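J.: Now for the letters of each chain:
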Amino acid sequence: MSVKHIFLALLTVEDLHGYDLKQRYDSLLLHESELNFGQVYSTLNRLERDGFIALLGNPESEKKVYTITPLGRGELTHWLVSPGKESMVLYDELSYKLAAMDILSQKEFFQILQAYKKQLVKEMQLLTKKKLTLPQGHLGAKLLLDRGILKLEADISWTEKCLELLEKEGDAVC
Amino acid sequence: MLSLNHIEKSYRGTGGKVEALKGVDLEVSKGEFLAIMGKSGCGKSTVLNILGCMDGYDSGTYLIEEKDTKTLDRKGKALLRRQKFGFVFQAFHLLPELTVFQNAALPLAYKKLPKSKWRAVVLPLLERLDLAHLENRRPCELSGGEQQRTAIARSLANDPEVLLADEPTGNLDSENSERVMELLAGLRLAGRKTLVLVTHDVKIASYADRVVEMRDGRIV
Chain A
1 MSVKHIFLAL
11 LTVEDLHGYD
21 LKQRYDSLLL
31 HESELNFGQV
41 YSTLNRLERD
51 GFIALLGNPE
61 SEKKVYTITP
71 LGRGELTHWL
81 VSPGKESMVL
91 YDELSYKLAA
101 MDILSQKEFF
111 QILQAYKKQL
121 VKEMQLLTKK
131 KLTLPQGHLG
141 AKLLLDRGIL
151 KLEADISWTE
161 KCLELLEKEG
171 DAVC
Chain B
1 MLSLNHIEKS
11 YRGTGGKVEA
21 LKGVDLEVSK
31 GEFLAIMGKS
41 GCGKSTVLNI
51 LGCMDGYDSG
61 TYLIEEKDTK
71 TLDRKGKALL
81 RRQKFGFVFQ
91 AFHLLPELTV
101 FQNAALPLAY
111 KKLPKSKWRA
121 VVLPLLERLD
131 LAHLENRRPC
141 ELSGGEQQRT
151 AIARSLANDP
161 EVLLADEPTG
171 NLDSENSERV
181 MELLAGLRLA
191 GRKTLVLVTH
201 DVKIASYADR
211 VVEMRDGRIV
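Residue numbers (the numbering used here), protein chains in the order written: chain A, 1 to 174; chain B, 1 to 220.
The following block holds chain A by itself, in its conformation from the complex (with noise of 0.2 angstroms):
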């Protein structure tokens, strides 16, 4: 999880103490719960060891100030624009259970398909209602919500459709 680019990326826009910093991330809703301190001031710490970001003012006062560094930016620009590792995805765990689900009788198999979607279906309903409270002004955080509903989006079709094949398939899921 890539926490401290998010942090080089806030510091960018000015310079901020752990709290803030932690207070913005969580705001972004990169995560289903907040940001612990631990690791808040565990990533300054390593940050901070690497060159990316450096303390402003006294390093006894109580409230750390921190500001990015040209080093830091470079690392940031490096990262943004480097592909990811998740583009294309085929065995996650989701592979796993269906290999499970195929050892079960077509009749288990359908009803643990059904009760899948339906979770999908309360996760998808979970998301909608965080886009429907977002603050104005949050686009990333909209943007992030949109690609979570769409991944959901295309689960639930495929679920839908192995549903169908099943109830295709034989008397045995009736």
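Just so you know, these hints were derived from the structure itself, not from any lab.
Being a predicted model, the structure only gives us computed values, none of them experimental.
Not one of these hints is a red herring.
Using 30 angstroms as the maximum straight-line C-alpha spacing, the simulated DSBU-like pairs for lysine-lysine come out as follows:
{"no.": "1", "chain 1": "A", "residue 1": "Lys129", "chain 2": "B", "residue 2": "Lys84"}
{"no.": "2", "chain 1": "B", "residue 1": "Lys203", "chain 2": "A", "residue 2": "Lys118"}
{"no.": "3", "chain 1": "A", "residue 1": "Lys161", "chain 2": "B", "residue 2": "Lys17"}
Non-contacting residues of chain A with respect to chain B, defined by C-beta distances greater than 10 angstroms in every case (computed):
{"no.": "4", "residue": "Val3"}
{"no.": "5", "residue": "Leu10"}
{"no.": "6", "residue": "His17"}
{"no.": "7", "residue": "Leu29"}
{"no.": "8", "residue": "Lys97"}
{"no.": "9", "residue": "Lys107"}
{"no.": "10", "residue": "Tyr116"}
All C-beta atoms in this analysis are idealised placements derived from N, C-alpha and C, irrespective of residue type, glycine included.
Since chain A is already given, all that's left is putting chain B on it; use the hints.
T.: Showing chain B alone in chain A's frame:
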């Protein structure tokens, strides 16, 4: 608030008897936003028509606030339909010769509210649906999204307790669909209406608090 108990309904088609509903049980609570999702032909529109007293059923019971709808005659049903329900359809069914304002005010004309009182009812609705600036336009001068929003304004003019929507975004592009759904969800979020929507599109259904799916005349 609305309670369907083991509702069955069949039609006589050219190929013989078609069982549209095979024992549907469904409870809709007051203030709830419910989506009924399913492919075309699964019976979801039939359920909506029965809920809105626009269609009958062969067996089972349908209670509205614990009153059995079987005890209502045609007149009673028509009155209930007018007072309790608002309808939004995929095809907007606007009258082409009337303006946005006049279309939205139609239910007020039907219940013979004096014209002098229309503005006070309709204008706030047009404002809420971002249509006030278009009040003098005719449907042919509007986009699909604006036409559907006009139809929603019309469905709300009577201040119905329950809004029934059948594929309300079926004729809209994704941007306008989102806008219409945000408005409909907003009605529910404001705790003002009970909303039942049928759709084949899971993205649209996901705006609801509760989603039920129909397959082959049954809720699964």
